[in-house]
Amino acid sequence: MSHGSGVVDKCEPNLTPLLDVVLQLLMFFMMCVNFVTEQVNEDIKLPYAQSARPMDKGDQDVLFLNIDDHGQLLVLGREEPLNLLKTKYYLKRQYEDAVKASPDGKVRTVIVIRAHKNADYAQVYQVLQMCKAEGFRKLSLRAMTRG
Amino acid sequence: MKRREYKDDDPGVVLPITPMLDMAFQLLAFFIFTYHPSDLEGQMELNLPDKPEASAEQVVDNPTPSMDDKDPIVEADISIMVRTYHDGEKNGDISQILVKEGPNEVVVRPEEQLVKQQEALLKELTNRREGLSNKEGIKIQAEGGLKWEKFVAIMDTCRKAGFKDVGFAPPPDLVPGL
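Just so you know, the sequences run in chain order D and U.
Read left to right, the first sequence gives residues 0 to 146 (numbering that gives the first Met the number 0).
Read left to right, the second sequence gives residues 0 to 177 (numbering that gives the first Met the number 0).
These are computed hints drawn from the structure, not numbers from a lab.
Among the clues, some could well be false.
Ranges of calculated distance between the beta carbons of each label pair, as one might list FRET restraints [as the list claims (entries may be wrong)]:
1) U:Leu173 with D:Glu78: 38 to 44 Å
2) U:Val12 with D:Arg92: 37 to 43 Å
3) D:Asn40 with U:Ala28: 23 to 29 Å
4) D:His69 with U:Leu39: 41 to 47 Å
5) U:Glu129 with D:Glu78: 19 to 25 Å
6) D:His69 with U:Gly130: 37 to 43 Å
7) U:Val13 with D:Gln49: 42 to 48 Å
A virtual CB, placed ideally from N, CA and C, is assigned to each residue, including glycine.
Given only the sequences and the hints, what does the whole structure look like? Please build it.
Set out below in structure tokens:
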């Protein structure tokens, strides 16, 4: 036969590139999961808007405000939602921290409002007004771009 | 000499990749299934009017800012008033949309579905925008009980009609002092 030499060739697939790809994918998903859990509350169901544009990656200093369906603010690290008074105090502290962190004293923080679609307009409006009253000037509303 | 004999028979260090690959696949599957892509979210910018920025000391000196510092965007020749039901069944849904331009006031099909209301509103706004001096700004006023979803739909329609600066007016039924 053609294999008369008696040498048996072992067929071993090269797993190294596969492992590289898998580890890179793993790294990607792990980083994404961290990002999502830190800033975005999954319980918030956003409304749909066709005119919503993709998120701007250039904004470094972003403060996410998640508003639940009762109009209360959900803050990372706190189990209980904040009422209006606590929300006001929270925004004030955030503004003071932003002023301290800014080298020239100007606040460039972008407030990102993620309000539940069943929240009342009055509740969201009050949060917007509080942001304005505390000194924040740049606001952004989040919505789903496709259903 | 003895060493050299051993070296010839040494199969070398074999790194078992298979268990590592199994683990990696399991972790990968876990993260894929728990991954909720955030790029489905989009954003709509809303700029508040320029104002001298308050310092931290000023904020401390004025801990209770008044809520009567009203419209975030005030320069608009046209405004929309959105009313909602208070009948216990359709609470939060749109009952009426009013387009106001100066003394003129137009009701946009109050009794139809949201999609048709949006279409009618889009047509109305597109027609009116041509005659406006300020083609960028529009103000939306809604009753406090209107669902945020409906409000965003109206806002979306305004942006589709070409109004880039959408301002929020305070709800007429908002309890002051909260």
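- Task: List, from low to high, the hint numbers that the structure doesn't satisfy.
- Result: Per hint list: 1, 2, 4, 5 and 7 violated.
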